[in-house]
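S.K.: So the protein sequences, as listed, match chains A and B.
If you read the first sequence in the numbering used here, its first letter stands for residue 1, the second for the next number, and so on.
If you read the second sequence in the numbering used here, its first letter stands for residue 1, the second for the next number, and so on.
Everything labelled a hint here was simulated from the structure, so no lab data went into it.
Keep in mind it's a predicted model, so treat the numbers as computed, not measured.
All C-beta atoms in this analysis are idealised placements derived from N, C-alpha and C, irrespective of residue type, glycine included.
Don't take each hint at face value.
[What the hints assert, rightly or not] Cβ-Cβ distance ranges computed for the label pairs, FRET-style:
(1) Phe-66/A x Phe-254/B: 44 to 50 Å
(2) Glu-160/A x Ser-308/B: 35 to 41 Å
(3) Gly-146/A x Glu-284/B: 50 to 56 Å
[Unchecked claim] Reference listing, derived: stretches of chain A covered by chain B, where coverage requires no fewer than 3 residues with Cβ under 8 Å from a Cβ of chain B:
(4) 23 to 34
(5) 156 to 162
[To be verified] Some but not every residue of chain A turned toward chain B, in silico, with C-beta under 8 Å:
(6) Leu-47
(7) Val-60
(8) Ser-72
(9) Phe-143
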Amino acid sequence: MPVTDHHTGELLARAQKGNSEALGSLYDRYYTGVFHYLYYRVGDVHLAEDLASEVFFRMVHRLSDFQPRATSLQAWLFQVARNMVIDHYRKNNNRVNVELHEDVAALDGDPTQAAEQRLTHEQLTRALNGLMPDQRDVIILRFIIGMSLAQTGQILHKSEDAVKGLQRRGLLELRTHMREWKVEDEKLG
Amino acid sequence: MKNLDDALQNHLEAIEDGVPVPEVISRLQAEDAELAPLIQLAGAVHSTVHPQANTARAMEDKRKMNTSFRAQTTTRGRWFSMPVMLGAAAVMLALVIGLAVVFFSPAADTAKIANVSGLVEVASSDTAEDWKIVSSGETVKAGQRVRTYDGSSVTLAFSEGSYSMLGPNADVTLATLDGGRGTINLALVQRAGKTNHRVVPFDGKDSSFVVQTPNGDARVHGTSFAVAVDQVGKALFSVTTGKVEVNSGGSQVFLLPGQASLASAEIGLEEPAYTFSLRGAVQEIGATSWKVDGVTVMVNEQTQITGSPVVGSIVEVGGRILDGNVWQADSIALATETEPQPSLLTYTGVVNSMGATEWQVGSATVQVNSATMIDPEIQTGDVAKVTFQVLEDGSWLAVSIEKMGEEEEPLPTETPVPTSIAPASDLQFQPGSAEMYGCTGDSFSTDGSLVNTGTAAVSNVRLEALVIDGAGYVDSASVSPERIDSIGAGGSAGFSVQVAMNGNWATAVDQSVTIRVLLSHTTNGPVQENAQFDFTIHSGCEATATGTPVVTLTPGGTPTAPASACTGAEPQPTGMRLAAEFGVPYEEIMGWFCQNFGFGEIKSAYEMSRESGVPVEDIFTMRRSGMGWGNIKKLVDGVENPAMTGTPEPPKGNDKDNPGKGPDKPKPTKKPNPNKKP
Chain A
1 MPVTDHHTGE LLARAQKGNS EALGSLYDRY YTGVFHYLYY RVGDVHLAED LASEVFFRMV
61 HRLSDFQPRA TSLQAWLFQV ARNMVIDHYR KNNNRVNVEL HEDVAALDGD PTQAAEQRLT
121 HEQLTRALNG LMPDQRDVII LRFIIGMSLA QTGQILHKSE DAVKGLQRRG LLELRTHMRE
181 WKVEDEKLG
Chain B
1 MKNLDDALQN HLEAIEDGVP VPEVISRLQA EDAELAPLIQ LAGAVHSTVH PQANTARAME
61 DKRKMNTSFR AQTTTRGRWF SMPVMLGAAA VMLALVIGLA VVFFSPAADT AKIANVSGLV
121 EVASSDTAED WKIVSSGETV KAGQRVRTYD GSSVTLAFSE GSYSMLGPNA DVTLATLDGG
181 RGTINLALVQ RAGKTNHRVV PFDGKDSSFV VQTPNGDARV HGTSFAVAVD QVGKALFSVT
241 TGKVEVNSGG SQVFLLPGQA SLASAEIGLE EPAYTFSLRG AVQEIGATSW KVDGVTVMVN
301 EQTQITGSPV VGSIVEVGGR ILDGNVWQAD SIALATETEP QPSLLTYTGV VNSMGATEWQ
361 VGSATVQVNS ATMIDPEIQT GDVAKVTFQV LEDGSWLAVS IEKMGEEEEP LPTETPVPTS
421 IAPASDLQFQ PGSAEMYGCT GDSFSTDGSL VNTGTAAVSN VRLEALVIDG AGYVDSASVS
481 PERIDSIGAG GSAGFSVQVA MNGNWATAVD QSVTIRVLLS HTTNGPVQEN AQFDFTIHSG
541 CEATATGTPV VTLTPGGTPT APASACTGAE PQPTGMRLAA EFGVPYEEIM GWFCQNFGFG
601 EIKSAYEMSR ESGVPVEDIF TMRRSGMGWG NIKKLVDGVE NPAMTGTPEP PKGNDKDNPG
661 KGPDKPKPTK KPNPNKKP
C-alpha cells in the first residue's frame, strides 16, 4: 500500500534537486496504485497504462512546483489521475470501456480460471461505474488501492466522517449493481 | 444513536488488521447485522485479482520519464519555476522594455519613448511652454519635461536597460541624464503623478538613479520601486525589489522590498511600513474608515481620494500597514478599467509562521490550502506579498504567497527583437469566456481556441491558468497545453481548461469560481491582460439545465430496482416504528431506506428536521453530497430561516391556534420515491 512517510519526503526532496534515481523510486512506489485506480475508472488496461504514463510525465513537469506542505505527493498523483479520467470521458462522450482483452497479464495460466477472474474485475468495473463519483472513488481507493480513511479523504478533500459515509453507501450501491449484473452472492463473498 | 458508518469502519479495520472476514462477521451485534453483506463485499473487492500493467511497458515509461526529467533539469531556468501571478506583470514588462531598449539602442543622454497610451507631451525645458505631442519611438533628452494626461501613460527607456513608467497626470523633468557603456546618471524631478521604475543593477559606482520630489528623494541601486506625488507635493515611495534610500528634510530611511514611506511637508518622512493594495467594491464609507471587498481601511486628511467613489464603486486603494495592524489608505481612486476586473487584494509583510492551514504574514493570519500558490523558496522571516480573498466568515484565504526582494534576472543586453513576431494583440481567445453550472460534480473542463489574427507566426506561446475568483473552492486548475510551439498567421491552436473543486464546493450556494487563462509568447511576458480567457463555474443548477454526470453507465443505462426489492413482502419492523415515531407514512421511511440510507440515518435526519424545521429531503441531500452528520447538524442548527427550499415553516404541535394538531413533524418537500436512485 502506498504511504506518505518521511522516506517519501526524502525521495521527493532529492528528486526536486534533480536526482533521477529518487524520481524512479517514486515512480516504483506509486505506479501500481495509480494504474489500478485508472483501470477501474476506464476499464481498459492499455488505456490505463497510457494515462498512468501521462500522470507521471505530469509529475516530472510539475515536480519543482510541488508543495509538500499543501498536499502529499500521493494525493496529488491521484488527483491528477482523477482529473485525467474525467477529461478522458469528456472527450469520449462519457463512454465507459469495459472490453475483453486476451492479454491481461494477471490472467496467465489456466484459461478457465482466467475467464472467471476477468469476469470478476470486468463486473467490478461496470458496477463501480454505476456509482456516484465520490462513492466510486472511495471504494477504489479504500478497497482496491488499500488507502486509509485519512489518505482517501485527502485525495477527495473530504473529512474522514464523510469518507465513512461514502464508504458504506458505496458498498450498498455496489452490491445492488453487482446483483443486477448477475454476480452471485458466492462471488461477492 | 448507533452510527452505522462508524460501526462498518470498525469492522473493516479489523479485516485490515488481519482478522478473517467470517470471524469479523461472526462478531457482529444484532443491530449491526445489516452490515454483514457490506463487510463481505468489501472483503471480496479487496481480494479480487486485479489486472496488472504490462511490466515492459511500465519500465519503458519509466525510462522515458527519466530521460525527460534529466533533459528538463539541465535546461530549466527559474523564470517559470513558480506560478505566474498578476504581480509579475511589471517584471515581465521589464523584459519587453529591456528587449526594446536594446533594439532601439538609445544614446546614453537620451531616453526612448515607448508604450505611449493616450496623450503625452514633451517640453524643451522646465520653464518652456513649447509642449508638443510625442509618440512611441521618439526620444527625450536631458533637461526636457514630460507630462501625461488623464488615462495616459508612457515609458521612458534608458540606454543601459533601466526604465521608468509614467502613469496618468504625471509631470517629470529629466534634470540629469548621461552615462557611458552600461552606466547611467539620472536625476528625475517628479512634480506629480505616479511613476514606476525598474533599475538594472549597476556594474560599479559610476551610476546613479535618483527621483526627486518636492518632499523627498529616492536614490537606488538596482531595484524596482514606485513614487507617487499628489497635488500638494506629498510623496509616497514604495519598493518592490532591492533597497531604496529616501531622504527628506534631513531625515533618511531605507526601504526594503514590500515597504513604503510617506514624505510630506507637514509630517516629514515617516518610518517604513509594509504595504497593501486593494481593488474591489466599496461596501462602506465612514468618516474614518472605509470597507472595500471585506477589508477595512482607515482614511484621514492625508488620504488622496479621487473620482468621487460611492458605495458600490470599484476602487483601487493603496496604503500602508501601520503599527497596531492599522491599514492606512494613502490613496483611493475609482478604477478606470472599461472592462470589469476581478477583485485583487494584496499586502506585504514578514512571514512569521507557516502552518499547514494557516500562515501568519505580518500581523495578519491567512488561511492556505492546496490551491494556494506558494513560492517554493519562501521561508519564515522572508518578506512576502500575499494575494488573498475574504471569505464569507471574514477570514482571509491566500490565493498566492510570493517571496519578495529577490533581484530579477538580468535584462538581456544583446538579444535582438525578431521583427517578424506578431504583436500580442494578434492573439485572441475564441470564445473569450465560458460559463457553466457546476451541480453535476466536482471536476469541470472547457475547450477553446487561440487564434492568431495577425500576418506573422507567433512562437513559444505559453498558457497559464490562474484562479481569480472562488479560490476557496478550487483544488486545482490547469490549462492544457501549457506551451504551443507556434501558431501560424491566421492559424489557431486548441486548449482545454480543467478545474477540480475541493470538498467545499458540494455545499456552495450562490458561489462561483473563475479561472483565467493568461498567455505570453516571445515578445511579451506571461501576463497579457488584453488577451485572456475566463472560465466561470457557478454553484448549483441552472433552472433549465439538464445535468450530465461525468460518467454514465453505457449498457442499458442506470438500472433501478422495484420497491419490493428492498422493502420485502412483509412490513419492516424498524420502518414501522420510525414511521409511527415521526408521524409519517411507512412508505416514506422505506423510500429513504431503499435509497440506501440506514435506519439510524433516517432517524437522525427526521430528528434534525423536527428540531430545526429543515425539510428532511434537504438533510438527505446534504448527506448524499458527502457531508458528515456532525457538519449537517451544525448547518441545520445554524439555519435561522428554515425555509431552505421555500417550504413554509411547519406548524408547531403546541400551537394553541391549532389544538389537536399532534406532535411536530418533519416536513419533507416531497415524498421520496422508493424507485428513485440517489
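S.K.: The structure should be examined with respect to each hint, and the outcome stated for every one.
M.R.: Here's how the hints hold up against the structure:
no.: 1; hint: Phe-66/A x Phe-254/B: 44 to 50 Å; in the structure: violated, 36 Å
no.: 2; hint: Glu-160/A x Ser-308/B: 35 to 41 Å; in the structure: violated, 53 Å
no.: 3; hint: Gly-146/A x Glu-284/B: 50 to 56 Å; in the structure: holds, 54 Å
no.: 4; hint: 23 to 34; in the structure: holds (count 6)
no.: 5; hint: 156 to 162; in the structure: holds (count 6)
no.: 6; hint: Leu-47; in the structure: violated, 11 Å
no.: 7; hint: Val-60; in the structure: holds, 5 Å
no.: 8; hint: Ser-72; in the structure: violated, 10 Å
no.: 9; hint: Phe-143; in the structure: holds, 4 Å
Hints 1, 2, 6 and 8 from the list above are not met by this structure, while the remaining hints are.
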